[in-house]
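Asks: Now for the letters of each chain:
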Amino acid sequence: MSTDQNQTAPNAQPMIDIVGLNKWFGPFHVLRDINLSVAPRERIVICGPSGSGKSTLIRCINRLEEHQQGSIVVDGTELTHDLKNIDAIRREVGMVFQQFNLFPHLSVLENCTLGPIWVRKTPKRDAEKLAMELLERVKIPEQADKYPGQLSGGQQQRVAIARSLCMQPNIMLFDEPTSALDPEMIKEVLDVMVDLAETGMTMIVVTHEMGFAAQVADRVIFMDAGQIVEQNTPDEFFNNPQSDRTKLFLSQIL
Amino acid sequence: MTTSPFFRQPNDMLPERAPPVAMSGIIGWLRANLFSGWLNTGLTLLALYALWLIIPGLLNWAFFDADFAGTDRFACTGTGACWAWFDQRIDQFLYGFYPDEQTWRVNLALFLILPALAPILFDKMPGAKQLRWFSLAFPFVATFLLIGGFGLEEVPTNKFGGFMLNVTVGLAGIVLSLPIGIVLALGRRSKMPIVRTLSVAFIEVFRGVPLITLLFVAAILLPIFLPSSFSLDLVVRVIVVVTAFASAYMAEVIRGGLQAIPRGQYEAAQALGLGYWRMMGLIILPQALKISIPGIVNTFIGLFKDTTLVIVIGLFDVLNIGRTMISNPDWLGLAVETQVFISLFFFVVCFSMSRYSVYLEQRLDTSKH
Ligand SMILES: Nc1ncnc2c1ncn2[C@@H]1O[C@H](COP(=O)(O)OP(=O)(O)OP(=O)(O)O)[C@@H](O)[C@H]1O
Ligand SMILES: [Mg+2]
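Protein chains in written order, with the working numbering: chain A, 43 to 296; chain B, 908 to 1276.
Treat the hints as calculated values from the structure; they're not laboratory data. These figures come from a predicted structure and were not determined experimentally. Note that beta-carbon positions come from the ideal geometry of N, C-alpha and C, so glycine has one too. Where hints are given, some of them may not hold.
Interface residues of chain A toward chain B, partial, derived using beta-carbon atoms under 10 Å [unchecked claim]:
# : residue
1 : I128
2 : W160
3 : R287
Where chain A lies over chain B, by a calculated footprint (3+ residues, C-beta under 8 Å) [said to hold, decoys possible]:
# : region
4 : 1163-1174
5 : 1183-1192
Listed next, the in silico BS3-like pairs over lysine-lysine satisfying Cα-Cα at most 27 Å (straight line) [what the hints assert, rightly or not]:
#  : chain 1 : residue 1 : chain 2 : residue 2
6  : A       : K171      : B       : K1031
7  : B       : K1031     : A       : K166
8  : B       : K1036     : A       : K171
9  : A       : K166      : B       : K1036
10 : A       : K181      : A       : K171
11 : B       : K1212     : A       : K166
12 : A       : K188      : B       : K1031
13 : A       : K163      : B       : K1036
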């Protein structure tokens, strides 16, 4: 798949625009002068050593973490303390977590219809129809009536992806979606994500699956110590890294 | 020893087989559970011996050697229990001083508890949705039936007594303390300092004071402090303090449940765009309450038994009725009989709550197939 079909005109409004972002946990400066602009339909992979602030960065985008300096604009809406903006952005942005975070007291189908019914006010029947379509897409429609505790890790993560997609988001954030999975299950989740990428979803994926990065990413971002150390096309990033820090990291994980 | 290399082709993988039939039948069960090994057998025999010692004596006392008829205790000539008071006094045990010709109202209210409780206890029951309206209306219906007004003869609450008083106070406390406890638990975890402080203050004050003290406050001090034009019925005051007391415990039980919910559940709910109340109502509380069931039922049971403490402010709950009866010359000294009877009543109610909570926990368990 070529990347140029997804290239947008340079003057098009970015889907996500992060300017001069700084964040502290107490005295600890966890994000430092982050600038990042994501075009519609762009797929970005973020990697970096543990503790470098990858999760914190993407969690700032849907306000699971509050930032202290700089601005984050998502699809034209700026993240401020205004709850209306936060709600609007969360409706647009889906998120998939490392630990799945499915709701254990609800069936798979109910997990998927909860957001549409209560947030989007979709009639129950339509929400169920949509949920079944998406469960179909992540290849587990037959599990609809089970509870999360009865599914394998890979199945749970695919349900989590379907649950996010049911909100019909414009942007999907993935925070190490396969790190808690066994090798055989990693593939089934990555396959779903590759499919999703092909539909033109704007995606930011924190992962160390470099095969996935090479296959679908338009851009790879390497973070260390709370800052962006290097960003480039996957091709350049893997074959011709510039920063010594990147080279060290790649030598360790490849 | 050598291990020979081994492999399986896909076409000779082992097929699925049915599980082995469990060792079944009464004999099998007995052997597996009661007589497996010396220690277990010894304990079983010991328990049987203890039962053999206790049960016949108990049955003799309660039934075979007991007297059932008579107008006073002197009619009881057997060596067993004297149940002769039952006939004359059971109405008082049940209804206190509620007017005789009006006791049907108490019975009706008691009976209506069934349809009111059913849709809450068994929410998969057909028609549960419609009946739930009745559940909501029930507290008002019951209050109307018990107190009267609007054409029904009014019965002042100082006529309330016996089991009926225990059940009224207990049920009102149970129905009110759960929602209040939830609100307090959420308040205690709130980020808003005023809400949090008020919740903590309420919980600590009511949990840190003996219920008897609170009852005295309700009975004696409150009327002094409240403006005289604003007089609250004594039974209502009792319900208020019992509820406040139980709510404080309830809040801490539920807070324990809330703390067991992983942060990821909040984050997933927020990421879907759910606001605070929906997140709490749809995601967090259902899970937290489920974990808290044993503690909640514990609090309910404690509350129900604590309703007997109203004896200290002179209300005639069932314990006080019993005490009064056995100081009457006709029935002097029948303490054991009345206590056994009253205990049985409390045991049946509390044990039912306990069994129901076991059922509920099983039904809400979504981790099994
Ligand atoms: N709520 C918090 N309070 C204080 N410190 C935090 C908090 N969350 C994260 N941190 C710290 O911020 C740093 C960045 O955390 P973050 O989770 O963003 O790292 P990460 O790059 O996602 O790492 P990993 O690959 O291990 O997931 C870490 O040093 C972490 O200890
Ligand atoms: Mg992380």
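Asks: None of the hints should be skipped; say for each whether it holds.
Replies: Hint-by-hint comparison with the structure:
1. For A:I128, the shortest C-beta to C-beta distance to chain B is roughly 9 Å, which falls under 10 Å, so the interface hint holds.
2. At its closest, the beta carbon of A:W160 sits 5 Å from a beta carbon of chain B; the interface hint therefore holds under the 10 Å criterion.
3. This hint is violated: A:R287 has a C-beta 30 Å from the nearest C-beta of chain B, more than the 10 Å allowed.
4. Only residues whose beta carbon comes within less than 8 Å of a beta carbon in chain A count, and the region 1163-1174 of chain B has 4; three or more means the coverage holds.
5. Only when three residues or more bring their CB closer than 8 Å to a CB of chain A does the claim for the region 1183-1192 of chain B stand; here the count is 3, and the claim holds.
6. At roughly 24 Å between alpha-carbon atoms, A:K171 and B:K1031 fall within 27 Å of each other, so this suggested pair holds.
7. Between B:K1031 and A:K166 the alpha-carbon distance is near 19 Å, which keeps this suggested pair within the 27 Å criterion.
8. Our distance criterion of 27 Å between C-alpha atoms is met by B:K1036 and A:K171, whose separation comes to about 24 Å.
9. Between A:K166 and B:K1036 the alpha-carbon distance is near 17 Å, which keeps this suggested pair within the 27 Å criterion.
10. Between A:K181 and A:K171 the CA atoms are separated by roughly 15 Å; this keeps the pair inside 27 Å, and the hint holds.
11. For the hint linking B:K1212 to A:K166, the alpha-carbon distance of about 44 Å lies beyond 27 Å, and the restraint is violated.
12. Taking the CA atoms of A:K188 and B:K1031, the gap is near 17 Å; set against the 27 Å cutoff, the hint holds.
13. Distance restraint check for A:K163 and B:K1036: the Cα-Cα separation of roughly 21 Å lies within the 27 Å cut-off, and the hinted pair is therefore satisfied.
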